[in-house]
Amino acid sequence: MTTSLDQQKRDQQERRKATWRRFTSHPSLMIGTVILVLLVAIALAAPWLAPYSPTRTSLINTLQDASWAHPLGTDQFGRDVLSRLIHGTRVSLLVAFWVVTLSLIIGTIVGGIAGFFGGWIDRSINVVNDILMAFPGFLLALAIVATQGSSLESVIIAVSIAYTPRVIAVMRSVALTIRPRPFIEASRSIGMTSTRILLRHVIPNALPPVIVVATLSAASAILAEAGLSFLGLGVRPPIPTWGNIIADGQASITTNPLISISSGLCIAAMVIALNLIGDGLRDALDPQMRRQTAKIL
Amino acid sequence: MAHLTAAPLLELKNISKTFNGSASWRGRSSNAVQAVDQATLALYPGETLGLVGETGSGKSTLGRIALRLIEPSSGSVMFEGQDITHLSPRLLREKRQRMQMVFQDPYGSLDPRMSVDKLVSEPLVVHNVEYAQRQEKMHAALEQVGLDPALAHRYPHEFSGGQRQRIGIARAMVLDPAFLVLDEPVSALDVSIQAQVLNLLHEIQIRTGVSYLFIAHDLSVVRHISHRVAVMYLGRIVEIGTRDAIYNRPKHPYTVSLLSAVPIPDPVLERARKRIPLIGEIGSANNTPSGCRFHPRCPRAHEVAQQKNIAIQKLGATDIPVLCATQDPALVGSDTEQACACHFPHETF
Amino acid sequence: MSHPSKVLLDIQQLSVAVSGTQSTIPLVHNVSLQINSGETLAVVGESGSGKTLTFLAALGIAPAGVKVTSGEVLFEGDDLTKLNPNALRSKRGTAISMVFQDPLSALNPVFSIGTQIIEVLRAHLPLTKAQARARAIELLERVHIPDPHRRIDDYPHQFSGGMRQRALIAMAIALEPRVLIADEPTTALDVTVQAQVLELLSQLREETGMALVLITHDLGLVARHADRVAVFYAGRIVEQASVQALFHEPRHPYTVSLFRTIPRLDSPTNIALTPIVGQPPNLAKLPAGCPFAPRCYLAKSDCGSIQTKLIDTTNHEHLSACQHWSEVHQEF
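Chains as they are written, first to last, in the numbering used here: chain E, 3 to 299; chain V, 6 to 354; chain G, 162 to 493.
Note that these hints are calculated values from the structure, not bench results. One or more hints might be untrue.
As the list claims (entries may be wrong) - Cross-link-like lysine to any residue pairs, in silico, SDA-like; alpha carbons within 20 Å at most:
(1) Lys123(V) with Thr197(E)
(2) Lys100(V) with Lys11(E)
(3) Lys470(G) with Pro442(G)
(4) Lys123(V) with Asp67(E)
(5) Lys313(V) with Ser295(V)
(6) Lys123(V) with Asp13(E)
(7) Lys279(V) with Asp427(G)
(8) Lys252(G) with Asp308(G)
(9) Lys123(V) with Gln150(E)
(10) Lys11(E) with Arg118(V)
(11) Lys19(E) with Pro154(V)
(12) Lys279(V) with Ser363(G)
(13) Lys100(V) with Asp13(E)
(14) Lys446(G) with Lys279(V)
(15) Lys11(E) with Lys279(V)
(16) Lys279(V) with Gln364(G)
(17) Lys470(G) with His485(G)
(18) Lys19(E) with Gln173(G)
(19) Lys19(E) with Arg118(V)
My request is simple: use the sequences and hints to build the entire structure.
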């Protein structure tokens, strides 16, 4: 028994090393992860990093240009733009996190059921899903916020709902390709119930492409949140989000363009990071690459 | 040793299966494929019944119907004396412990994301075996197939094709079933590994008395492991009998042709053999010929038509007996000795 | 044989390797083969033995990352390994042609069979569409596809497995190659159809005097159709002989083991098959000395250290890589 435990430890180490190598050998994945980690660090350290409170107004200091005291200037309420930017990271990350989580949970279950069980279940889910996907995600989020009112929670919910249908669609098609595979039939022959097969065999095997889609959806969701906030339909002031900072910066675009530019760049950075991670994951998680060479001999 | 006198373990009675269509004796839609037509066979305790046939023979479908992985369109499946054709899903799941399957593809039939120990113990989990016993049985199953239990935490892709097939066999045997359906279990393996797996299957049968329904297209392999053999063509069992009867004294023209097409690894013998070619290609299962479904390709039909006192009719440019073209022959004989579905079977040897 | 035999394809000491993640793995090691006109050479081996890769590399169609590391492939005065890609491409299909294992994946499902044959013809010959179509129908007739005028417009999925393989053969012989390499041409086919397809290949060989290379693992097929046989193991040739000599007097333990391990229609059934012990060789980690030694029933103490090479046991007719070849006996 000791030999088997030693062997097990050695194998696990080998496996971890191989996985590490696979992930670190992707430049886009690494760059994206670094940027994301940086942004997470900034969000976590926001209270200490930001020189001022993001909501502290100062009627004497309104619309200041960039200076040593305020590297990005102040907005029309005298709030330090840099501090608002730093705190705005939190909202964006929150949105990204919730969109990925909710769309993954709902998407895998609903898409998995549709793809695996087929028949009328599949058809009914599809009808609803296709209708939802016919709307651009942004419009859908807009519609939901319009009915639910704008607050951080409703924006997050709206954006998550808006971008879940495509995860459902991807999960469904992957489930369709997994369903005819021999190991699924093997599970049936053992006497497993369909539910168990779905949870234990279909979903774990379907996760890689679905994770990629969810990550890319998060990027779109952040843009949607920014758009909503810019329009004034998103997160209400005084909570800073990159979107409403751009909106605030509009008024002073000629005198202090830094406000809008800097928040725009932040959004771009986060979206690029998520896209790089999504692309990188797609390659890194693709088991096909590994098996190609083995077959030709 | 096979107990052919005991009650059969498994009985398939008049099984028919039509895909995308209605039951076999009513009109079929044009897209319907009749995969199996009125197949009857019995599997006895401790024996290996080989099921051979080419593309479209329906052998894989029949094997799956035996386990009710595919539902028959008509006919009944009896297991251990009980009719399980219409058993509820819950009761069927309990029966599943006693009948398992080994699949053809050693690469695809194991979930790539599960470690081997979880794969082999999964049947035990599904059937609520206690945790303490699970480890023990899983280890025992792996040892039975010649795999080191110490390596069970590894994943399928870390094993070779032959080893994966053994894992599949271990998983099928872990619940100690009464019979296994094996669908082309060695055809995806290298020849040097095939023998290992065949010997293993034989060993397991001697030790546990499990019966095998061994589905394959390779006649040499089937000959080596089977006690009895059934030959299928276009959904019908055309001949069934003991291994020696089928291979040494085949009666059905299709069996004769099939055997003559299998090359023997001996240049002198092989080049001296006469091949008995079939005419044309295998028919399609959605357009089966009238009468004996083999008659358009049957060399014997032509031969017999030359004899005197046989009523003949035209088939294209040649003559064939009227009987062959109009009447579907029934399986005549004892399925434990030799039975054949032909109007003019080969008799003398 | 009505055509005088001459060497068409001469593979000399070919070595092929793949660049792995951490090192180069040798896949084919010093393989030499002569392919003569009008003859059928069977190349036997299991998966990973290098039997297919040798020819893919010789024709320049090996997968990405796989490269020829040494040796020459001489064909009509040229060394194929040194030719530029365009010149090589013009040789492929015209002078040397290959038929692959799985007809369903080798044919494009969205084009009709006729379109695909015509494409091959017009890529290399100055034919009008009408002329090419007539040639294509001729070719289909030649491979015994019934009703070719109608079937030429059918799609691959409308053909049965055997007919698809014939269609592939039609494409392969369209430009009248002098060497036809058939890679496991019948593995995916029923046994009755197998026999028909191989008869067809033999017949074509007789008619045109072309050389046929039959890559297979099925020794029965080899016994029936081959003139000479080369046996591959772990990327090298371990035995090469005429078909009679190989089957009746094998001189390598691997060949003998193969014979003992396969079930045959004519062997007594109460004798168990003798499996070859051990696992197939791992090309990334071959043992020193003879690669078959770990599984060899005849292995001696020096087999693990001596580098094996092909030994001429009878006058260039029978080569064996086993240095103890004289002790290899055959019992049935």
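Against the structure shown, which of the earlier numbered hints fail to hold, in ascending order?
2, 4, 5, 8, 9, 11, 13, 14, 15 and 18
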